[in-house]
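The listed protein sequences derive, respectively, from chains Z and E.
First residue of the first sequence: 1, per the working numbering; consecutive thereafter.
First residue of the second sequence: 105, per the working numbering; consecutive thereafter.
Treat the hints with care, since some could be wrong.
[Claimed, not checked] Straight-line Cα separation of at most 20 Å, DMTMM-like style, residue types lysine to aspartate or glutamate; simulated pairs:
| id | chain 1 | residue 1 | chain 2 | residue 2 |
| --- | --- | --- | --- | --- |
| 1 | E | K294 | Z | E7 |
| 2 | E | K297 | E | D265 |
| 3 | E | K180 | Z | E28 |
These are computed hints drawn from the structure, not numbers from a lab.
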Amino acid sequence: MKKPTFEELIDSAKNHQIDTSAAEFGFETRLLASIRELGQTETGFLDVFGSWLWKSSLGLAPVVAILITLAIIMNGIDIPNGTSGVVAYAIDFLPFSDQTLSDR
Amino acid sequence: MRPLPAILYFDKKRIVSTEQPTDAELVLQTTAGDETAFAVLAGRYRSRAFSTASRFARGKQELEDLTQDIFLKIWKGLPTFREDAPFEHWCMKIIVRTCYDFLRKNRKRRENEVLAGESTSLLETKKADFPDSRRKEAWEVVHHLLSQLNEKDRTVVTLLDLEERSVKEIAQLTGWSESNVKVRAHRARKKMKHLYETQSER
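Please construct the entire structure, taking both the sequences and the accompanying hints into account.
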């Protein structure tokens with residue numbers, strides 16, 4: 001049997017009507033059910049706002065870090081060096097200590 | 105009471121048919137929260153959506169999913185619909201773009217299908233007595249060839265050669281330029297022809 005040319009092939013394929021009746025049956029009913037389901041799972045305003053707030057706070061983290069660094073530099077707080085430097089400095093502010101660690 | 109003459113019944117029917125809401129009215133009703141209005145709208149464009157989607161999807165389940173996706177996008181997009189263009193055009197744009205997105209999303213799976221399909225040789229010409237079965241067979245071959253094209257080329261060939269849409273119309277539906285559509289169509293046809301001739305020689 002002679003093989004059809006490419007043009008004949010396209011022409012035949014074009015004229016082929018795909019039977020979609022089975023898939024179309026009850027389509028609107030299924031569609032409305034999906035829409036209702038979608039409406040129930042749709043996120044509310046508070047969810048959206050909460051998510052936005054969380055994302056914004058994450059985005060702002062580097063800015064906050066820079067601001068803290070700048071505040072430390074501008075206030076001229078002297079953080080002692082050494083392995084226990086920052087912790088020791090913090091302890092120095094505790095009420096039970098009336099003596100700075102650097103004096104010890 | 106005397107029954108009404110037939111001509112009045114006929115006129116009554118005509119009045120009912122002309123009173124059917126327009127697409128714009130149905131859109132307004134839907135955006136106001138009337139789901140049944142959307143069902144009517146979906147019913148009007150269902151066949152068109154299924155016809156186009158069936159050229160992209162494979163199998164009943166895939167077709168149902170794709171068409172449902174199309175109408176869910178239409179539903180979600182209705183509040184942004186402006187009446188500067190007919191609803192039909194807006195709807196067709198969503199249908200075509202959703203089908204294109206579907207091809208992009210399923211690229212990996214289609215590539216696997218092509219590899220698997222090579223051994224089964226869809227391109228063998230079988231003896232067929234009925235024109236219908238020959239058309240179906242031709243469609244199977246064309247579908248196999250189309251699955252070896254990239255998404256954009258496949259969309260263009262499907263719309264141009266199988267759906268018989270004009271270049272201008274395709275450009276409007278896809279948002280690509282007319283020259284882009286023409287170049288893609290030419291390149292895709294050439295590739296398909298080459299594939300058809302070389303693969304069927306095996």
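- Is the Cα-Cα distance between K297/E and D265/E 20 Å or less? 13 Å, holds
- Message: Check whether the Cα positions of K294/E and E7/Z lie no farther apart than 20 Å.
- Response: Holds, at roughly 11 Å.
- Query: Is it true that the CA of K180/E sits at most 20 Å from the CA of E28/Z?
  - Reply: Roughly 16 Å between the alpha carbons, so the hint for K180/E and E28/Z holds.
Checked against the numbered hints above, the structure breaks none of them.
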